[in-house]
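Sequence order for the protein chains is Z and C. Numbered per my numbering, the first sequence spans residues 1 to 310. Numbered per my numbering, the second sequence spans residues 1001 to 1310.
Since the hints were made in silico from the structure, they are not lab data. No experiment lies behind these values; they were computed from the predicted model shown. Be aware that one or more of the hints could be misleading.
[Said to hold, decoys possible] Taking lysine-lysine and the BS3-like style, the derived pairs with C-alpha atoms no more than 25 angstroms apart in a straight line are:
hint: 1; chain 1: Z; residue 1: K225; chain 2: C; residue 2: K1284
hint: 2; chain 1: C; residue 1: K1056; chain 2: Z; residue 2: K284
hint: 3; chain 1: C; residue 1: K1225; chain 2: Z; residue 2: K56
hint: 4; chain 1: C; residue 1: K1056; chain 2: Z; residue 2: K299
hint: 5; chain 1: C; residue 1: K1300; chain 2: Z; residue 2: K56
hint: 6; chain 1: Z; residue 1: K215; chain 2: C; residue 2: K1056
hint: 7; chain 1: Z; residue 1: K198; chain 2: C; residue 2: K1056
hint: 8; chain 1: C; residue 1: K1258; chain 2: Z; residue 2: K284
hint: 9; chain 1: Z; residue 1: K284; chain 2: C; residue 2: K1225
hint: 10; chain 1: C; residue 1: K1284; chain 2: Z; residue 2: K249
hint: 11; chain 1: Z; residue 1: K250; chain 2: C; residue 2: K1284
hint: 12; chain 1: C; residue 1: K1300; chain 2: Z; residue 2: K284
hint: 13; chain 1: Z; residue 1: K300; chain 2: C; residue 2: K1056
hint: 14; chain 1: Z; residue 1: K299; chain 2: C; residue 2: K1225
hint: 15; chain 1: C; residue 1: K1132; chain 2: C; residue 2: K1215
hint: 16; chain 1: Z; residue 1: K300; chain 2: C; residue 2: K1132
hint: 17; chain 1: C; residue 1: K1299; chain 2: Z; residue 2: K300
hint: 18; chain 1: Z; residue 1: K284; chain 2: C; residue 2: K1132
hint: 19; chain 1: Z; residue 1: K284; chain 2: C; residue 2: K1299
hint: 20; chain 1: Z; residue 1: K299; chain 2: C; residue 2: K1258
There are 2 protein chains.
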Amino acid sequence: MSAIIECIPNFSEGRDPAVIERIVEAVSTIPHIEVLDYSLDADHNRSVLTFAGPPKQVQRAAFAATQMAAQLINLQTHQGEHPRIGATDVIPLVPINGISIKDCVSIARDLAAQISRELGIPTYLYEHAATKPLYKNLANIRRGGFERLREEISKPERHPDFGEAVLHPTAGATAVGVRDFLIAYNVNLDTNDLHIAKEIARCIRESSGGIPSVKALGVRLNRQKIVQVTTNLTNFQVASMHDVYMAVKKEAARFGVKVLESEIVGLVPTAAIAKIVQDYLHIKNFSAQQVLEYKILAKKMGWDSVDQGS
Amino acid sequence: MSAIIECIPNFSEGRDPAVIERIVEAVSTIPHIEVLDYSLDADHNRSVLTFAGPPKQVQRAAFAATQMAAQLINLQTHQGEHPRIGATDVIPLVPINGISIKDCVSIARDLAAQISRELGIPTYLYEHAATKPLYKNLANIRRGGFERLREEISKPERHPDFGEAVLHPTAGATAVGVRDFLIAYNVNLDTNDLHIAKEIARCIRESSGGIPSVKALGVRLNRQKIVQVTTNLTNFQVASMHDVYMAVKKEAARFGVKVLESEIVGLVPTAAIAKIVQDYLHIKNFSAQQVLEYKILAKKMGWDSVDQGS
């Protein structure tokens, strides 16, 4: 039985494609690793890489990426709005199939230990991998970014999980975590009134009493002269894209505003779209197991006996 | 770049699981072949096996299955309602990805030639693989089943594509074809009135002026005391499950009847459910390429450059 972990490291370089290409190259040399996507964000001066593979190979690939990023990226000269603490800023691991969260956490801890030991970069464990309650939330680790962490890392409440309480001079620190699959889903509104998008986001997000497992913000899309409710679904079994779409549509109607369209940023698991089709067409017992390519992959990977439906 | 063909052979034995298990075993020994499903139908005394793999391996596996079926199944003693001409009755090949219909037809012809040459079983080519217009439609090949074909095979209009114009004494003949992916989709109605199901089926099927690429029949589900519109979608890009669901719902409403639920029998391609989600949530540019497991498989198979969206 082979397991698959998805890994989505974020690097503090979003303007020089050559840097990211060399990191992707380093990852690609690891056997059984599939690079699924990478993209640069020049505004935030950061980039996101997505790859997947068996647990130990994912660890090797994430380590190779971190090593390469440490050679090529210097946080002392890096500028960017997004909070970041390191050249390899954050390494989220997502158990896709054939592996439990617990075993994925073991990989995350091995990886974090290896990065501090072999590269001299202090590492933090967050979300499911966290060992300290405060570090469950990544925002608490990254607070104030590289510049502030450099001053505060010696304080006990900001100590890393692995390594000395001093930042790597150029590569900073890295947060390694395990989280559930996250769907980035946006709904565009037929208005340019940011207040409306913000109000709808407030109504639907969990943190202000809305839909469980949904994070939402209202933002403006300058080029299109419209506003958008941008969301993260942290558990598609609890709240689906359809739930969010319908909720936004309903709230928008209160303002007399129409929904234009929606978009999925990045990847979604087969199980997430199978669930929507099942609900929509009132299908009994439909699952990812009935989706041809999922089934072929599951057979190749030997997932049959321990399918986790995602 | 690796291609994948799906193969769904039908065998004239649906009561003795041991026979099918030995056929499945023969297929499973071929490298890179994934057995996706198999099921026995005792009423029709036939069974269906689904497997997938690279073209040449699919040919080898289909041949191995046909050889094993010829050893274990005797058409002279076989009884069953469904029209059938051989121990291995029909071998449909479906190009899934990375292969054109033309190249899939080459595999079908090689396979049909090999079966007649090495097993002494005459073979017919149908649908995309047909060489004669009459044989495009499988029904014309199977007309009257084993018993009638035994009498008529010597007539020029019933000659096989490969082999002598005489049936194999026990294994009969085999039809090998290439067809598009077919979705088996049923909609259950909240009534026991067969007339209504038949009338709705008549309205929606292509052959009586309904939805292009849809085949439909009205049938009774005795155990549940309801009726069903059972359909085959021969091109989900032309007519989706959602199109059929909505059409059945609308026609049913004319009779004051409600739709209870629907069901997918067997497998559907990722592209078919991605299309439904795209339409439902008004998503711009959503495709199978954004579905995680599809993307992993596509990377493993090297489909990126020639993706056919299914």
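Okay, the hints, checked on the actual structure:
For a cut-off of 25 angstroms, the pair hint linking K225 (chain Z) to K1284 (chain C) stands: about 17 angstroms separates their Cα positions. Taken as a hint, the K1056 (chain C) and K284 (chain Z) pair is broken in the structure, with Cα atoms around 36 angstroms apart against an allowance of 25 angstroms. Annotation: proposed proximity of K1225 (chain C) to K56 (chain Z) is violated, straight-line Cα distance about 54 angstroms (limit 25 angstroms). Restraint check for K1056 (chain C) and K299 (chain Z): the C-alpha separation of about 19 angstroms stays at or below 25 angstroms, so the hint holds.
For the proposed pair K1300 (chain C) and K56 (chain Z), the alpha carbon gap of about 18 angstroms is at most 25 angstroms, so the pair holds. The straight-line distance between the Cα atoms of K215 (chain Z) and K1056 (chain C) is roughly 49 angstroms, outside the 25 angstroms bound, and the hint therefore fails. Simply put, K198 (chain Z) and K1056 (chain C) have alpha-carbon atoms about 57 angstroms apart, too far for the 25 angstroms limit, and the pair is violated. Between the alpha carbons of K1258 (chain C) and K284 (chain Z) the distance comes to roughly 16 angstroms, so the proposed pair stays at or under 25 angstroms and holds.
Proximity of K284 (chain Z) to K1225 (chain C) is assessed by CA-CA distance (about 17 angstroms); at most 25 angstroms being required, the pair is judged to hold. As the CA atoms of K1284 (chain C) and K249 (chain Z) are separated by approximately 17 angstroms, the hinted pair is consistent with the 25 angstroms bound. Using a Cα cut-off of 25 angstroms, the hinted pair K250 (chain Z) and K1284 (chain C) holds, with the two alpha carbons roughly 20 angstroms apart. As the CA atoms of K1300 (chain C) and K284 (chain Z) are separated by approximately 32 angstroms, the hinted pair breaks the 25 angstroms bound.
Of the pairs offered as hints, the one joining K300 (chain Z) and K1056 (chain C) holds, with about 18 angstroms between alpha carbons and a cut-off of 25 angstroms not exceeded. A C-alpha spacing of about 37 angstroms is found between K299 (chain Z) and K1225 (chain C), which places the hinted pair above 25 angstroms, so the restraint is violated. For the hint pairing K1132 (chain C) with K1215 (chain C), the CA-to-CA distance comes to about 23 angstroms; that is within 25 angstroms, so the pair holds. Among the hinted pairs, K300 (chain Z) with K1132 (chain C) is inconsistent with the structure: their alpha-carbon atoms are about 38 angstroms apart, more than 25 angstroms.
Distance check on the hinted pair: K1299 (chain C) and K300 (chain Z) sit about 13 angstroms apart at the alpha-carbon level, within 25 angstroms; holds. With a C-alpha separation of about 41 angstroms, the suggested pair K284 (chain Z) and K1132 (chain C) falls outside the 25 angstroms cut-off, and the hint is violated. The suggested pairing of K284 (chain Z) with K1299 (chain C) is violated, with an alpha-carbon distance near 31 angstroms, which exceeds 25 angstroms. Distance restraint check for K299 (chain Z) and K1258 (chain C): the Cα-Cα separation of roughly 38 angstroms exceeds the 25 angstroms cut-off, and the hinted pair is therefore not satisfied.
Hints 2, 3, 6, 7, 12, 14, 16, 18, 19, 20 from the list above are not met by this structure, while the remaining hints are.
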